[in-house]
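Participant: Using the hints, position chain H against chain V.
Note that the protein sequences, when read in sequence, are chains V and H.
If you want the numbering used here, it's the position in the first sequence, counting the first as 1, plus 19.
If you want the numbering used here, it's the position in the second sequence, counting the first as 1, plus 2.
Calculated directly from the structure, the hints in this document are not laboratory data.
Worth double-checking, as some hints may not be accurate.
Claimed, not checked - Beyond 12 Å from chain H on every Cβ pair, some chain V residues (computed):
{"id": "1", "residue": "E493"}
{"id": "2", "residue": "G495"}
{"id": "3", "residue": "A575"}
Claimed, not checked - Listed next, with one range per pair, are the computed distances between beta-carbon atoms:
{"id": "4", "chain 1": "H", "residue 1": "S66", "chain 2": "V", "residue 2": "G249", "range": "40 to 48 Å"}
{"id": "5", "chain 1": "H", "residue 1": "D124", "chain 2": "V", "residue 2": "G728", "range": "55 to 63 Å"}
{"id": "6", "chain 1": "H", "residue 1": "E129", "chain 2": "V", "residue 2": "G249", "range": "18 to 26 Å"}
{"id": "7", "chain 1": "V", "residue 1": "A586", "chain 2": "H", "residue 2": "G121", "range": "52 to 60 Å"}
To be verified - Output of the computed footprint for chain V on chain H, the stretches with three or more beta carbons under 8 Å from beta carbons of chain V:
{"id": "8", "segment": "29 to 43"}
{"id": "9", "segment": "48 to 61"}
{"id": "10", "segment": "101 to 115"}
{"id": "11", "segment": "141 to 147"}
It should be emphasised that the depicted structure is a prediction, and the values quoted were computed from it without experimental measurement.
Positions of the beta carbon are idealized from the N, C-alpha and C atoms, including for glycine.
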Amino acid sequence: MTAVDIPRFVRADGPDKVTGSGRYAADLVLPGMLWARFRYADHPHARIVSLDTSRAERMPGVLAVLTAEDVPDVRYSAGVADRQLFARDVVRFEGEIVAAVAATTVEAADAAVAAIDVAYEPLTAVVDPEAALAPGSPLVHPDWQSYDAAPETVRDGNTASFSSISRGDAKAAMAEAHTVVSSRYVADASHAVPIEPRAIVAQWEGNRVTIHSSTQVPFDARAGVCRTLGLPTNQVRVIVPHLGGGFGGKCGFHYEAHIAALARAAKRPVKLVFSRLEEFLAPDRRREGMVVEITTGLDADGAIVARTGDLVIDNGAYIADAAFFPQIAAMHVAGPYRIPNLHIDSRLVYTNRQPSGSVRAPTAPQACWALESHTDELAGAIGMDPVEFRRRTIVTSGSVGAAGQTYDDIGLAECLESAVAQIGYEPGPGTTDHGNDEAIGVAVGWWPSFPGASGAYVRIDDDGKGQIVTGAQECGTGAVMTLRDLAAAELGLEPTDFEIVYQDTAAAPYDTGATGSQTLLNNGRAVVEASQQVAEQLKALAAERLEAAVGDIVLAGGSASVAGSPAVSVPIAELAAEAAGAELLLGHGSGTPGEYPELVGATCVGDHGVAAWASPQFSCHAVRIRLDRDTGVVRVLDVAAAHDSGTIINPMGALGQVHGGIMMGIGQALTEGTVYDDEGRQRNPMLLEYKLQTAADGPEITVEFIESGTPGQGPRGAKGLAEAPNVATAAAIANAVAKLVGRPVRQLPMTAERIWTTMQETGDEAGGDR
Amino acid sequence: MTNSISYLLTVNGVDYPVTGPNHLSLLSAVRNQVGLTGTKEGCDDCECGACMMLLDGRPVNSCSYLAAQAQGREITTVEGLAEGNELSRLQQAILDTGGVQCGFCTPGMLISAQALLDGDGDPGDEEIRIGLSGNLCRCTGYTNIVAVVRSLATSRYDAKPEGG
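Bound-form chain V, shown alone (with noise of 0.2 Å):
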């Protein structure tokens, strides 16, 4: 597919962002506006001896400080509750606020946190989640047990959330397996970077609070300010502007409720910009840390017959929304193959470094990474060619995954064809045509669609225009604007004859967010209802304009014609006309959210609801690289994609997830990697040092759609797709990495020093130079 072949999509928001004309939150400018500075922790793991405020209070231009002892002592956060808007007696890492300022401008607020006196006694910090488990290790949070914790989250000291799931008898099973593999892979912590650091903007009216926020959840912020600052939901309005990126980053809860604080106190509207060096250390979504240990067994035919595995995750030091982490983790080193015994233990480890959280497909790249680089050593193992290996054990319509669920219909075999014969694989195991510095890999992956609330209004104006009012959040994805096509399609209109009103929590019903691919899954659904409800209005209307049976009516190219006799019609808006001196054409949907499938055989601690996985989506990525034997580095030549994506309602949009995705799976693969002191400081955290990559890296992408039949859930039988392009990239890039080094590389990133020290331990194992 090339972009010559994608029909034209309009983004509404698209001449507005092309222009400059768009306004994003750091553009923002109210009248009497102060400027926000936070003063963070100065050591990742101390106890606060004292903090005074008072230098700093004194100074000119100086309206507000703020610490703990202004705000309510409300803890939060949903799997554990256990942070809090200002540290309290000690700091757990570095990007912890201790202070907050609002200034009149940069420069006084600077200033100002700098002269906040604050006195620690230093702490031992917990930097490696492996030794955090061991007995005797220092505590993350001593008083853990005092905490507020949802029911389903499993804690132990060190241990933040723990989950386990079993199948089978898997010890049994591996004793008697006739070929068993062993493997340890260590993923590196990395992070989301959108190119827009994130930017607050407060100001109250009387007890009503409005904050423009840069984030990907408008409801789950606004949640956030209720609870921390003791308001109604009703007094708290969360405003979107145009959102610079997400990829989980703006996830969550972050900064509103400490910029909202502050305008109260200072009695004007202030507003928070990051610089880069803030959005790496500060916000509680840096893409975790893994150690992935696992163990497989197969009989003599080359079949799964038994997988162990021992995961640790790098929570950091608070849980943010990682509870569901280890239950997730631990289905990505499952993986989508028939396994009939199953035991996987995962554990989410605090540790004093930056809290790990959602970030596009959360555990999954670095999880299915050590999974396909375990799969290519097993299939090397019996001598089989990978891609055989998996042709003969990944789920396929009707199979029954690790974990007990049965699949419908889905189309992970075409997807593993697809890619296959895009890149032109050719079988065998271990070696290559390519050249002696070129290989082909390929990884599966898979990644789940989330069902949830979500609502919308439609009504058509009197002119017969529509407007769409949803509280679903645009990251850029394109799939808020992809919304008009959907009322259009019902309405008998066009695309560009509705508005969207969007990303306000006030104006619109509920919406999870742009978050868990779910906006068209979910949106889109409350979207097709609401309209369907104006169409039904629109056809009794036009059934008694032209004397027909309302079941007769059909909707289609702006006007309500009778099946059959086009020419007996009338214009929509005529329709809309007579509307609007009487029952007002209003539509508002919400409708069922598509059920999670049955479990059968699989036992779950620590069950978050992610091991039976609602309309699964699944990918084959084949990547072509080629690799610098003298300095290790790895260029990506080709890469070749194939989604099960289930319907593909915006084939552009849809493409573009896809590309994005690998781009970043490639930095996830060989740069992006985050590098920590002994204290649990981060040592890059800018973009010169963590490098993301550049249209000149890029590969030549070649993209297929499995289109698979999944009822009962997204508009059309649509699945998600934002965060799947990203799980398999870095896997794909590993199994060719490997065949070229000769072994896998076991840590990520695998950068060019990674390689080059693996390929040197090939070299003496192979007794010396090559």
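Facilitator: Below, chain H alone, put in the same frame as chain V:
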């Protein structure tokens, strides 16, 4: 306190008075004093390219360029790319081919792309990719952006905005 100086900046063909300290950046002057906020700040470190403007036709990272040094020179921002109320061919084409998602890198990306298209050479794939490599985009994977610049470069003389 730092000395403050006053001067004129010519942005998209209009002269604007600017007053600020010697170290005032071109980005800050244009966003906060001229009042054109289309150009974005993504890193303040010359790494992301969201702040790119054309200075006498050459793309610069305005976050790290002194406003005072831009006196007497033609500054073009994203707001200066359209011809009146009509989108330029580049602006329209990047929309039509899915080269815009979140839009935050777009102002800088358009500036780099325009500089490539305004150049004398006939940029091939490699040259286009290198020419855009100073602009980080996290959404699109660059694929469609490179394709649109290549397509406009091929029909170079059509690529100028259609008049009127």
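Participant: Does each hint fit the structure? Answer for all of them.
Facilitator: Against the structure, the hints come out as follows:
1. Not every CB of chain H lies more than 12 Å from the CB of E493/V, the least distance being 9 Å, so the non-interface label is violated.
2. With a least CB separation of 3 Å from chain H, G495/V falls inside the 12 Å interface cut-off, contrary to its annotation.
3. A575/V, annotated as away from the interface, keeps every beta carbon of chain H farther than 12 Å; the closest lies near 26 Å.
4. S66/H and G249/V have their C-beta atoms about 44 Å apart, which keeps the hinted 40 to 48 Å range intact.
5. Distance hint check for D124/H and G728/V: the Cβ-Cβ separation is about 47 Å, which falls outside the suggested range of 55 to 63 Å.
6. Checking the proposed 18 to 26 Å range against E129/H and G249/V shows it is violated: the Cβ atoms sit about 59 Å from each other.
7. Restraint check, A586/V to G121/H: a C-beta distance of roughly 57 Å satisfies the suggested window 52 to 60 Å.
8. As drawn, the segment 29 to 43 of chain H meets chain V at 7 residues by the rule of a beta-carbon pair under 8 Å; at three or more, the given contact holds.
9. Counting residues of the segment 48 to 61 of chain H whose CB falls under 8 Å from any CB of chain V gives 3; the rule of at least 3 is met.
10. Residues of the segment 101 to 115 of chain H with a Cβ under 8 Å from some Cβ of chain V number 9, which satisfies the need for three, so the listed coverage holds.
11. Under a criterion of three residues with beta carbons nearer than 8 Å to beta carbons of chain V, the stated coverage of the segment 141 to 147 of chain H is upheld, 7 such residues being counted.
Comparing the model with each earlier hint shows violations of hints 1, 2, 5, 6; every other hint is respected.
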